[in-house]
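Model the full structure from these sequences, guided by the hints.
Taken in order, these protein sequences are the chains called A and B. If you're matching positions, the first sequence starts at 1 in UniProt numbering and goes up one per residue. If you're matching positions, the second sequence starts at 1 in UniProt numbering and goes up one per residue.
Simulated from the structure, these hints should not be mistaken for lab results. Where hints are given, some of them may not hold.
Simulated pairs of lysine-lysine, DSS-like, Cα-Cα distance not exceeding 30 Å [unchecked claim]:
| id | chain 1 | residue 1 | chain 2 | residue 2 |
| --- | --- | --- | --- | --- |
| 1 | A | 73 | B | 24 |
| 2 | B | 172 | A | 5 |
| 3 | B | 183 | A | 5 |
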Amino acid sequence: MSCPKTQHLLQEYFSDELAPVVRDELDKHLSECSHCSTELELLLMAQGNLQQWQEKQVPHWDRGLTLFRQEHKTISNASGFWSRWQWLPTAASFVMLCVLVFNFSIVTDDNGLTISFGGSPTSSSSIQSQLAEFQQLQNAEMQALVARIEDRADSNNVQLMQAVLEQTQRSTAESFDQIYSYFEQQRLLDLQDMRVGYEQLADSDYKTIRSLQQLVNFVGYQSDIR
Amino acid sequence: MSSIDEDQALVAAALNGSAYAWDKLVKRYEGRIYNQGLRLTGNATDAMDLMQEVFLGVYRNLHRFRGDAKFSSWIFRIAHNKAVDMNRRKRFITAQPRLSNLDEDNGMDNFPGEERFEPDARLGEQQLNDSVLNMLSELSLEQRWVVELKIFQSFTFDEIAELQDISANTAKTRFYSALKKLKVVLEEDNVLS
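Following this line, the structure appears as C-alpha cells:
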C-alpha cells in the first residue's frame, strides 16, 4: 500500500537541519506508516552501501613541491640584495611616528645640544619672545629697505633727466652743424653757378664784339670798293 | 585553531612562499580529492591525473582565494570544474567503471603499508569499492555530483547548491532521486541473487 506523503516526508528526512516539531511529526508518521518506513529503510541501506567505500591511500607524488620551490626560488632570487633591506621602510616609518608622537626635538644653542621630548611652557614663552624680536628686526629691515629703494629711485630719476638733457643738447648741436654745413655747401654751389654764368656772359659778349668787328670790317671793305 | 582557520593560515603562508605550508595544505586534501577522482573516473590513473590537475589549479589560483568562503568549498569547486573538463575529454562518468584498472594501479602506486601484507583484506576492500562504483555508475551526472558531495564530502545542501550554482531544494531533490534509484538497483540485485 502506497502513501501520498512518502516523497515529501523522506526528502525532508535527509535535510540538514530539521525543526524538532517536524522531526517529531516525521517520526510519528514513520512509526505509523509501514510503506514510508520500509521505503526509508531501503534508502538508508542504499546510502549505507555507498558509505562502505574504503578510502584508498594516495600514491606517492611530489605534491607540486618541485614546481612550488622552482617558482618561489625564482621570485626570491629576483628580489636579490633589496630583499635583505625590506625592513628598512618599516623601521623608518616607526622612527618618524615616534618623533611625532613624543614631540621629539633637538635644539642647538650657546649652551650646547639639547634633546627634549614633548613641549614645555618655558621654551614656548622664549620662542614667543624670540619671535617678537625677530618680527621687530624684520620690520626695521623692511623700512630701511624701503628707504633705500626710494633713494635709489630718486637718483635714478635725476640720472635719467641728465641723460635726456645731454642727449637733447648733443642732438641740437649736431643739427646746427648740419644746417651750417648745408648752407655752406649751398653757398659754394651758388658761387660756382655765378662763375659759370659770368663766364658764359663774357663769352657771349666776346662773340658780339667779334660780330661787330666783322660788320665794321665788311662796311669798310664796301666803302673802299666804291 | 579551527580547521577553517588552519586552512587560511596555511594558504597565507603558502602565498608567502612556504613550501612546508603548501605541502601541509595538499596533504590535508589530497586523500579526499584522490578518492573522489577514483569514484568519478573509476580508475587510479585518471584519478591521479585529475588530482594533479586540481592541485595545479589550486596553486595557480591560490592568490584569488579571499577567505570569505571555506577553503574546502573553494577547492571542491575547482575539483568539480576540473572533473567536468576531464569528463568532456574522456567521458568517464557515462561509461562503466574500469574495475580492473583500479585494482592494478593501486598495487603499484600505494605507499608500503599494512594492507600490502594482507591480500584477503585488500580483496575485500576492493570488492566493496567495486560495488560502490557499480552503484554510482547507475546515476546521472547531476545525481552523482550531489551524492559525492553529500555522502562522501559531508557538504550541506546549501553548500552543494552554492558550489553547483543550483538551489538547495534542487540539490535535495537530486539526492533523494539518487537514493531512490540506488534502492531500485539494490532491489533488482536482491531479486537476481
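Practice task
Please work out if residue 183 (chain B) and residue 5 (chain A) have their alpha carbons no farther apart than 30 Å.
Solution key: holds (18 Å)
Exercise for the section: For the pair supplied as a hint, residue 172 (chain B) and residue 5 (chain A), confirm whether the alpha-carbon distance does not exceed 30 Å. Expected result: holds (16 Å)
Practice task
Given the hint that residue 73 (chain A) pairs with residue 24 (chain B), test it: the Cα-Cα distance must not exceed 30 Å.
Solution key: holds (19 Å)
Of the numbered hints given earlier, the model fails none.
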